[in-house]
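Protein chains: 2
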Amino acid sequence: MALDTAAPVSAPEIDVPALTALLDGEYAEIRDLVRSNLTAYASVLEEAERLDTAAYRDRVRDLVVEMAATGQTGMGFPVEHGGGGDIGASIAAFETLAYGDLSVLVKVGVQFGLFGGAILQLGTQRHHDAYLSDLVTGRLLGCFAMTETGHGSNVQALGTVARYDATTQEFVITTPDDSARKDYIGNAAQHGELAVVFAQLEVGDRSEGVHAFVVPIRVDGEVAPGVRIEDDGRKMGLNGIDNGRIWFDDVRVPREALLNRFADVSPEGVYESSVENPNRRFFTMLGTLVQGRVCVGGAGINAAKVALAIATKYAARRRQFEATSDTEEELLLDYGLHQRRLLPLVARTYALHFAQDVVRSQLHEVFSRAQSPEGAGDEHDRRALEARAAGTKALGTWHATRTIQECREACGGAGYLAVNRFAALKADTDIFTTFEGDNHVLLQLVAKGLLTDYASEFEDLDQLGMVRFVTNLAVETVIERTSAHKLLERVRDLLPGGDQWDQEAGILDSDYHLAMLRFREEHMLSGVARRLKRGIDQGVNPGSVFSQVQDHVVAAANAHVERLVLEAFVDRVRALPDGGNKAALGLLCDLYALTTIEADRAWFMEHGRLTVVRSKAISREVGELCRRVRPLAVDLVDAWGVPAEMLRSPDLVG
Amino acid sequence: MALDTAAPVSAPEIDVPALTALLDGEYAEIRDLVRSNLTAYASVLEEAERLDTAAYRDRVRDLVVEMAATGQTGMGFPVEHGGGGDIGASIAAFETLAYGDLSVLVKVGVQFGLFGGAILQLGTQRHHDAYLSDLVTGRLLGCFAMTETGHGSNVQALGTVARYDATTQEFVITTPDDSARKDYIGNAAQHGELAVVFAQLEVGDRSEGVHAFVVPIRVDGEVAPGVRIEDDGRKMGLNGIDNGRIWFDDVRVPREALLNRFADVSPEGVYESSVENPNRRFFTMLGTLVQGRVCVGGAGINAAKVALAIATKYAARRRQFEATSDTEEELLLDYGLHQRRLLPLVARTYALHFAQDVVRSQLHEVFSRAQSPEGAGDEHDRRALEARAAGTKALGTWHATRTIQECREACGGAGYLAVNRFAALKADTDIFTTFEGDNHVLLQLVAKGLLTDYASEFEDLDQLGMVRFVTNLAVETVIERTSAHKLLERVRDLLPGGDQWDQEAGILDSDYHLAMLRFREEHMLSGVARRLKRGIDQGVNPGSVFSQVQDHVVAAANAHVERLVLEAFVDRVRALPDGGNKAALGLLCDLYALTTIEADRAWFMEHGRLTVVRSKAISREVGELCRRVRPLAVDLVDAWGVPAEMLRSPDLVG
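Going down the list, the protein sequences come from chains C and L.
According to UniProt numbering, the first sequence holds residues 1 to 654 in order.
According to UniProt numbering, the second sequence holds residues 1 to 654 in order.
Everything labelled a hint here was simulated from the structure, so no lab data went into it.
Hints are supplied without guarantee of correctness; some may be wrong.
As the list claims (entries may be wrong) - Under the rule of at most 20 Å between Cα atoms (straight-line distance), these lysine to aspartate or glutamate pairs were calculated in the EDC-like manner:
1) Lys533(C) / Asp551(C)
2) Lys616(L) / Asp600(C)
3) Lys616(C) / Glu328(L)
4) Lys616(C) / Asp600(L)
5) Lys313(L) / Glu26(L)
6) Lys582(L) / Asp15(L)
7) Lys313(L) / Glu29(L)
8) Lys533(L) / Asp453(L)
9) Lys616(C) / Glu504(C)
10) Lys486(C) / Asp511(C)
11) Lys582(L) / Asp509(L)
12) Lys582(C) / Asp509(C)
13) Lys582(L) / Asp24(L)
14) Lys616(C) / Asp493(C)
15) Lys616(L) / Glu606(C)
16) Lys582(C) / Asp15(C)
17) Lys616(C) / Asp651(L)
18) Lys582(L) / Asp551(L)
19) Lys582(L) / Glu26(L)
20) Lys616(L) / Glu598(C)
21) Lys616(L) / Glu504(C)
22) Lys616(C) / Asp551(L)
23) Lys582(L) / Asp511(L)
24) Lys616(C) / Asp638(C)
Claimed, not checked - Pairwise CB distance ranges (calculated):
25) Arg574(C) / Arg228(L): 57 to 63 Å
26) Lys616(C) / Val613(L): 48 to 54 Å
27) Asp178(C) / Ser43(L): 22 to 28 Å
28) Lys616(C) / Gly226(L): 21 to 27 Å
Glycine included, every Cβ here is placed at the ideal spot set by N, Cα and C.
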């Protein structure tokens with residue numbers, strides 16, 4: 001007997017294969033290739049527990065090379081170098097790979113995304129001809145040596161130096177001190193032969209800022225002269241990756257080792273760049289690497305799917321305590337609290353999936369355009385893409401951490417056994433929230449973009465300059481843009497009517513949900529701008545002002561991204577043909593929207609956009625939506641198409 | 001230059017050794033013994049990463065036996081059997097042990113808390129004489145075989161059977177099916193010789209409910225005949241513990257193997273018990289094991305201290321980004337956002353520490369009384385203690401999970417390296433939220449106690465009966481007890497004045513904080529009662545009604561425990577002599593109280609006890625308190641007295 005005693009609402013019927021097709025979208029073919037590769041190599045999940053570190057690393061390396069041979073990992077490289085010539089497909093492949101062992105995923109990311117991506121995006125024909133075909137097959141493994149011990153997120157401040165020696169036409173790469181050692185570098189401790197090294201370029205007596213160089217770190221398997229490598233040792237997870245530290249002691253590389261797409265040094269030692277402003281040059285170079293963030297965000301979302309699939313299937317068969325019957329224990333998923341714990345996470349996973357579709361498409365478009373003769377495309381678009389990628393990455397990876405934790409707890413002690421997957425999922429994804437950009441730093445980047453409307457000046461400034469720019473100059477326009485009057489106008493696009501839109505609209509009206517999130521975003525931005533202006537007007541140091549409003553800045557960025565996520569979900573649902581799948585996704589979309597509003601209902605009340613009565617009604621409606629989604633839960637997680645071998649959990653999923 | 005530009009408020013000066021003495025309290029001596037043992041065996045932290053599973057398990061076993069020889073682990077046993085005769089000290093020792101390797105901690109918990117505790121609390125003289133002195137030294141290792149695969153939290157429904165055979169005067173222990181196999185049992189896979197086995201006792205044709213039996217599972221290192229044991233295999237953490245599964249195939253043990261403090265079977269096969277009602281008997285037996293929950297809660301709180309000590313010290317020396325200066329990067333801990341992330345967690349850790357002091361003292365008192373000739377003491381006290389232990393365990397262990405995660409992220413990529421401790425802390429503590437009682441189940445237990453005011457009928461009922469009792473009978477009295485009028489009366493104890501107390505009181509007045517939390521608790525309880533009554537009046541199945549209000553039930557229990565925690569903190573601060581330590585703890589106490597109110601400010605607004613203006617003022621004040629606590633942060637974490645060897649993290653804490 002089910003606990004749901006509310007008046008029966010006929011549940012929509014889900015067509016699971018059709019829903020999978022919808023989710024896989026245009027990349028169904030590559031996703032299915034990855035699924036079958038994952039299944040073929042499923043034993044790695046168990047080997048990860050059993051093998052010692054050295055053997056596991058080698059196993060992961062071998063597996064990546066074997067997968068590369070199927071074409072799965074090279075989709076993002078030009079066809080003439082053995083790639084697939086389709087950036088969107090390469091991201092879709094990476095996302096799908098997150099259903100499996102995550103050391104394999106990250107090894108692929110290091111090799112083809114970071115190392116390969118840097119050669120492709122920052123290098124020119126000579127580098128492409130020299131390296132791409134070998135790296136696409138995995139014959140040549142490499143490192144992306146950016147992060148330093150002393151300068152994690154602040155890449156612009158890194159300490160490694162590359163001095164041009166005109167007499168020999170070489171760059172001399174040096175690690176001046178231990179805080180400038182490269183750290184946490186994947187492929188460094190064992191497998192990497194080449195490294196793309198980020199260093200401060202010095203030409204003559206001028207420092208030209210951060211540039212990237214191709215530096216051999218191993219020759220015939222031996223560490224190259226002048227290079228010192230240390231193993232990072234055991235990590236929380238991802239122990240199939242050989243992370244390490246690298247020091248350079250006057251290592252000489254030829255002038256051609258500079259990845260010279262955006263800047264070059266002539267044989268005589270004359271520096272020239274197509275991007276004059278050094279800060280803009282730095283951000284332009286970094287911007288070409290945005291793909292990594294899109295990939296990590298998508299991987300986080302898909303790792304969350306694995307956890308939710310296990311916990312949901314378990315809850316639909318596990319009984320615990322007699323609750324309504326004297327003779328039979330109740331299914332976990334029939335408890336209201338259990339529904340509240342899992343189902344909003346299912347809804348948010350769908351929402352983030354569709355948001356990821358949008359950012360992947362935008363990236364595909366911007367980068368495909370960039371490789372066409374017309375060049376890099378509109379700068380405003382590119383900066384908006386970077387912000388969107390940063391924001392989706394932050395929300396997607398935090399979602400993974402939170403979801404995996406909740407799902408583990410929802411499976412009790414069984415969730416603690418390695419065979420039931422949560423151990424690896426939790427340990428391996430943990431770093432997602434801080435690598436490829438710390439999430440808090442990324443959200444501040446998003447907010448700065450919003451505050452300046454992605455102004456081109458943005459990229460002309462260093463970090464401190466950016467803060468000054470934002471706090472001093474951009475504030476007025478934001479305050480103007482987000483005046484109460486303007487806010488109302490923007491809401492009216494969605495909900496024609498008066499200022500009482502928030503009380504008149506239906507609680508299950510998507511336009512109401514969108515209006516609420518839009519209002520919150522703009523109002524928060526305006527609040528940040530006003531607070532910054534007040535501080536500046538009082539003569540406080542811009543940095544101090546910014547620090548004091550930092551939590552508002554992050555909240556505003558979060559509100560912005562959540563609005564984008566909801567828009568993506570609503571747009572997709574609206575575009576669907578009528579039927580069970582549309583009805584089911586409609587319920588989920590309402591559940592996502594209302595749990596998002598509910599989670600921040602204090603803010604809405606504080607800002608006059610939610611009455612007490614309506615706030616309580618929203619909480620009740622969330623409970624009701626959970627009850628309505630409950631019969632669909634297993635179909636909804638099945639539609640993600642996680643191969644059964646990736647779930648493992650023999651005693652949990654049956 | 002600091003980012004704090006507010007008008008300077010002179011910061012209190014902390015006397016660190018005096019604060020440590022305050023925190024250690026009456027158990028300073030045993031805590032210092034544990035600290036020096038931890039330091040002596042510090043190498044196990046590194047061995048945990050390096051050794052294979054079998055070697056690590058043996059190492060942990062050896063270490064536990066060596067620690068036992070120092071008297072550290074036997075404090076809770078009677079002096080005549082080689083123990084220390086001080087229950088409170090045994091809990092304090094266990095808490096302190098949580099600074100180190102947590103496999104060692106849990107092995108101690110399994111051996112001395114669960115196995116030893118069951119022999120002590122459920123057995124009688126013959127069992128004490130036979131086993132205690134050997135188990136106190138660790139010569140005899142044992143298991144606590146309660147949990148079964150199919151019945152995690154629902155112990156009363158477990159499936160193992162113990163049938164009395166009067167012809168041979170033996171019990172025959174049987175595992176009827178796989179769902180009744182014992183699972184996740186520490187010491188089972190390798191080291192345990194004896195097990196305390198919980199089984200359904202059958203005498204003649206009657207089932208007498210769950211009882212405990214001493215069953216040999218290994219003889220001279222070989223698995224005993226009729227016993228089958230399987231290794232649980234690799235786990236997320238705690239891999240120094242040999243968890244396993246046990247099946248019994250008609251294993252015969254003598255009549256004396258029944259732990260017969262509360263019930264016995266005569267040679268002829270007559271069952272008798274001092275507790276007539278079978279449900280009450282079950283809960284009485286289980287109640288004697290409450291110590292385990294108090295221990296786990298305390299361990300969670302202390303594991304959080306290790307994480308916070310590392311992250312705080314790191315943030316006080318790590319610089320990242322130029323924020324206020326062109327020449328120097330800013331200390332992490334001078335960023336407002338970073339303060340907001342860490343300092344409320346420091347405050348909550350202090351709050352939980354003092355709350356743990358209270359529950360430990362109560363347990364010490366109740367159990368010391370129980371061992372005196374006057375017997376088990378007041379039942380109401382005992383049930384209140386059980387509820388308090390359950391609630392503190394839930395909040396303490398969730399706090400550990402959340403804090404360790406936040407601290408890891410606050411240390412960026414470095415936090416991911418095993419040498420920096422978070423890997424083990426996170427993996428090992430993860431299970432705390434669901435073992436010794438799933439936290440959600442525990443909070444429901446708390447709520448049921450509150451709804452029935454710990455009525456004695458409570459223990460006469462099975463799970464379903466309890467739900468029916470709560471929903472049918474207890475509701476009226478709660479509704480009466482928590483009428484608006486009564487609520488106001490209770491608040492008036494704290495804040496004399498009118499109904500506007502919530503607007504008139506000072507925002508930093510502890511009585512205001514207490515009144516808010518007291519109001520919330522009582523109002524939530526009342527809401528649960530009203531909702532239950534409404535459902536019952538409509539003729540809905542009580543179980544279904546309870547399921548639908550389950551989130552309210554859990555919220556009410558949480559509100560209750562948070563009120564107890566705040567009371568413990570306020571009481572301790574008020575009792576301190578004036579001076580720097582009192583001032584510092586006062587700031588922290590305000591920070592804990594206001595972040596707790598802030599986190600649930602939506603509820604307070606929804607229930608008319610927080611205006612929008614005051615809600616915003618509280619958020620501002622939290623930021624301000626963070627700035628004021630910031631200069632004290634390192635002293636505050638130093639005062640916990642975590643040995644430097646337990647922090648490791650050479651590159652983070654300096």
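Any of the earlier hints contradicted here, and which numbers?
Of the numbered hints given earlier, those the structure breaks are 3, 5, 7, 14, 17, 18, 21, 24, 26 and 28, listed in rising order.
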